[in-house]
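**Q** Hey, can you work out the whole structure from these sequences and the hints?
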Amino acid sequence: MTSTAPPAPAQPRPQRTANTLSTLRRREARAGYLFVLPFMIVFVAMLIVPLGYSGYLSVFREQLIGGTSFVGLENYARALSDATFTGGVARMALFLVMQVPIMLGLALLFALVLDSGRLRLQKFVRLAIFIPYAVPGVISALMWGYLYGPDFGPFAQLGEATGLGSPDFLSADFMLFSIMNIVTWGFIGYNMIIMYSALRSIPTEIYEAARVDGAGEVRIATAIKIPALRPALVLTTIFSVIGTFQLFNEPNILRTIAPNVIGNGYTPNLYAYNLAFVGQEVNYAAAIAFLLGFVIMVVSYIFQLTTSRKEATR
Amino acid sequence: MKPHPFRRTAAPVVASLSALALVACTGGSEDGSDSGNGGGETEAITAEQFEEAMSTPTELTFWSWVPDIQNQVDMFEEAYPEIDVDYVNVGQGAEHYQQMRTAIQAGSGAPDVAQVEYQHLASFRLGGDLLDLTPYLQEDLSAAYPDWVWSQVSADSGLWGIPQDTGPLGSLYRTDLFADAGIEVPTTWDEFAQAAADYREAMPDSYLTNMPGNDPGQFVGLLWQAGARPFAFDGAETVTIDLDSPEVLQVVEYWQGLIADDLVSVDPDFNDQWYQALANGKYASWQVAAWGPVFLQGTAGNTSGLWAASTLPQWEEGQNISGNWGGSTDAVLSSTDNPIAATELARWINVDEEPATAFAEEQFLFPPSLSILESEEFLAEESEFYGGQQVNATFAEISETVPTDDFGWLPFMDFAYSAYNETLGSAIADRGDLVAGLQAWEAELVEYAESQGFTVE
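The listed protein sequences derive, respectively, from chains A and B.
Residues in the first sequence are numbered from 1 upward in steps of one, following our numbering.
Residues in the second sequence are numbered from 1 upward in steps of one, following our numbering.
Treat the hints with caution; some may be incorrect.
To be verified - Part of the chain A face toward chain B, derived, beta carbon under 8 Å:
# : residue
1 : Gln63
2 : Gly66
3 : Tyr146
4 : Phe152
5 : Ile257
6 : Asn264
7 : Phe277
8 : Val278
Said to hold, decoys possible - Computed far set for chain B versus chain A, every beta-carbon distance over 10 Å:
#  : residue
9  : Asn89
10 : Met203
11 : Thr209
12 : Thr336
13 : Asp352
14 : Glu376
15 : Phe378
What the hints assert, rightly or not - Partial list, computed: chain A residues near chain B (C-beta under 7 Å):
#  : residue
16 : Leu64
17 : Ile65
18 : Gly149
19 : Asp151
20 : Thr256
21 : Pro259
22 : Asn260
23 : Gly263
24 : Gly279
Source of the hints: derived by calculation from the structure; they are not laboratory data.
The C-beta atom is built at its ideal place from N, Cα and C for all residues, glycine as well.
**A** Printed below as a string of structure tokens:
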């Protein structure tokens, strides 16, 4: 992301002779590499090597009978025509366009309200909105699973007591929305904190100047704050895109209470997991994982492209 | 024992990393599996060899998810002080098997002895990963078990595990709810269907029973009872998938009727909702294996004294036939360096009187061996939860009614069960077309088997 690129290094002082300068630079460079080394070792061992290895795996095919054979891109071709995989990706795309705007919109609203400084108990409210993020995803999915319960969940009980009835949150029609709700609940606070801290970094002189010019809070928000938030918004959106396509914990846990609604391929990640560990099709799972990574890259790139174009035309 | 639903919490990253580890050594493992299948020529060990192996300091690793099995391990170590057993619980059911497969494929870290349920023995035999125990046993155990149990562990003239517990199917029912609804305990499935309708009329908020869409184990047990033999594996490359036999259709169509008419509920089982429903009387009966009575006691403790146990309803009047759902063996992996000691561990804890009795009396595993099934002490035990009924005796009788002809499995039951949830199970949960779901299940199994290189019959 261009917006987060580090500032250019300061120019070296001109008094030094060229010779000492270059040795010093070399020494500095060496020290720099040494500092990065521990990270690089872990990065290569834990990310690059597994990535390369799963890429390698994805061009083979191992059968329970008959062993392993090289198949080129066959696994990828199979994935593209696999309705379970494409269906899962489409489901996540729908999730993305529905859930992410709601979540980020609410996070933005909360951040603006908090930043306006007109709230009592500001610290408490900020903490209260953030707390769901501190609850581990697995726990929150279990908790919501209980709340959604069709017989003994509180919503169902309430619906029964009032005679209004309640929707079946765990049915095929509702499940995606139920998961959206869990994710939104969990991640509003996280996104709000990012936006809020970006807002705090705006110099207050700008607000004063705007007020002198007669701008109200709403005008300040739309004309100053939100444009200043652009990098934070881009960042949170990209994170949300990645998070959405990688959805795993929530559906995997809700599976125990709705095993026939959430199938093996409800999300692409769940599909890859089940292929590898239930069907023992590790090679195909590797191909699915790679394709999923590619989808995420493309979507993120398209998003960045459209936002930077808007910036250019402004 | 039934693998209770487990909750996977592993992040996808972890999953993919272990997926990588899983395949790390596939290349080299092909020729390393020579001691498993096809090793039928191995000569039986002599008493001297056995004595020597058991008095040599040896370390064994044992994986199992049976609660408190450390007790049996301690007894074993006391009986054989030179053998040191490292007992590990790596997870229940599917998690346990994933760990086993990973270790086997990685070529290191696999246990010497592991718990394996009957239906998964074939999938581990497939890779030559199980040791044929026959040559390592000092005695012939075949007469110690009911025939049907023995046929589950022995195939292709090998012995692939020592039975640990079994799950012959019976019925548990609420005597009070039955009385309130004015129905008798049905003895045939026809009567059961009528009872389901009557019960529903008398008790509109609850059901005579629940048919979950996520429990292929239970459903296959019911197929077993009906005489269907849907799966088989020849130990090499041929599998049999026969899900359109009249016996299978009879069961599927029967439940189709009950489900379509809303006479049974279709809630998924082994989750919190279902536990509460059992405790609250939403289901008046449960068709369950011999491990069910003790399990229910823990789940629905507030209904103590209100339950009773009986046989399954029968397809024909006067019949008395059951099926099996669950149960485990302890198997020895062919990669073990100490086959004699490992086999003795698997045998001793399940066959020797003290540990085997403890399994039945303290851990409440339903005993597979005839010596316990016929022991007065075991049979005479009265259970307060079941109104003083001798539940052990009831299920011991049921165990004798499991058909003795071989009930086979596919060497990929993980996939088969998971595919069930997506097809027939979904049809059950949606109260849809069960026969179409059954056909979809069969089609998926055939497709998978062929894509994995099996010959399908």
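**Q** Now tell me if each hint is right for this structure.
**A** Do the hints match the structure? See the list:
1. About 4 Å separates the beta-carbon of Gln63(A) from the nearest beta-carbon of chain B, less than 8 Å, and the hint is met.
2. Below 8 Å, beta-carbon pairs count as interface contacts, and Gly66(A) has one with chain B at about 4 Å; its hint therefore holds.
3. Interface hint status for Tyr146(A): upheld, as the beta-carbon distance to the closest one in chain B is roughly 6 Å, under 8 Å.
4. Satisfaction of the interface hint for Phe152(A) is found here, the shortest Cβ-Cβ separation to chain B being roughly 5 Å, below the 8 Å cut-off.
5. Evaluation of the Ile257(A) hint against chain B yields a held restraint, the C-beta minimum of about 5 Å falling below 8 Å.
6. For Asn264(A), the interface hint holds, since its Cβ comes within 8 Å of a Cβ in chain B; the closest pair sits about 6 Å apart.
7. Interface restraint check: Phe277(A) against chain B, minimum CB-CB distance 5 Å, threshold 8 Å, status holds.
8. For the restraint placing Val278(A) at the interface with chain B, the shortest Cβ-Cβ distance is roughly 5 Å, inside the 8 Å limit, so the hint holds.
9. For Asn89(B), the non-interface assignment is confirmed: its Cβ lies about 19 Å from the closest Cβ of chain A, beyond the 10 Å cut-off.
10. Distance to chain A confirms Met203(B) as a non-interface residue, since its nearest Cβ pair spans about 15 Å, more than 10 Å.
11. Chain A leaves Thr209(B) outside its interface by the beta-carbon criterion, the shortest separation being 16 Å against a cut-off of 10 Å.
12. Residue-level check passed: Thr336(B) sits 23 Å from the nearest beta carbon of chain A, beyond 10 Å.
13. For Asp352(B), the condition that its CB be more than 10 Å from all CB atoms of chain A holds, with the nearest at approximately 36 Å.
14. Under the 10 Å C-beta cut-off, the non-interface status given to Glu376(B) relative to chain A holds; the minimum distance is some 41 Å.
15. Distance check on Phe378(B): its Cβ is at least 34 Å (rounded) from any Cβ of chain A, clearing the 10 Å threshold; non-interface status holds.
16. A hinted interface residue such as Leu64(A) counts as satisfied when its beta carbon comes closer than 7 Å to some beta carbon of chain B; here the least separation is about 4 Å, so the hint holds.
17. For Ile65(A), the suggested interface contact is upheld, since its CB lies about 3 Å from the closest CB of chain B, less than 7 Å.
18. A least Cβ separation of about 5 Å between Gly149(A) and chain B falls short of the 7 Å threshold, and the interface hint therefore holds.
19. For Asp151(A), the suggested interface contact is upheld, since its CB lies about 6 Å from the closest CB of chain B, less than 7 Å.
20. Because the smallest distance between the Cβ of Thr256(A) and any Cβ of chain B comes to about 5 Å, under 7 Å, the interface hint for this residue holds.
21. Hint status for Pro259(A): holds, given a least beta-carbon distance of 4 Å to chain B, under 7 Å.
22. Annotation: interface hint on Asn260(A) holds; nearest CB of chain B at approximately 4 Å, less than 7 Å.
23. Against a cut-off of 7 Å between C-beta atoms, the interface hint on Gly263(A) holds, since the closest Cβ of chain B lies about 5 Å away.
24. With a least beta-carbon distance of about 5 Å to chain B, the hint placing Gly279(A) at the interface is held under the 7 Å criterion.
Checked against the numbered hints listed earlier, the structure breaks none of them; every hint is satisfied.
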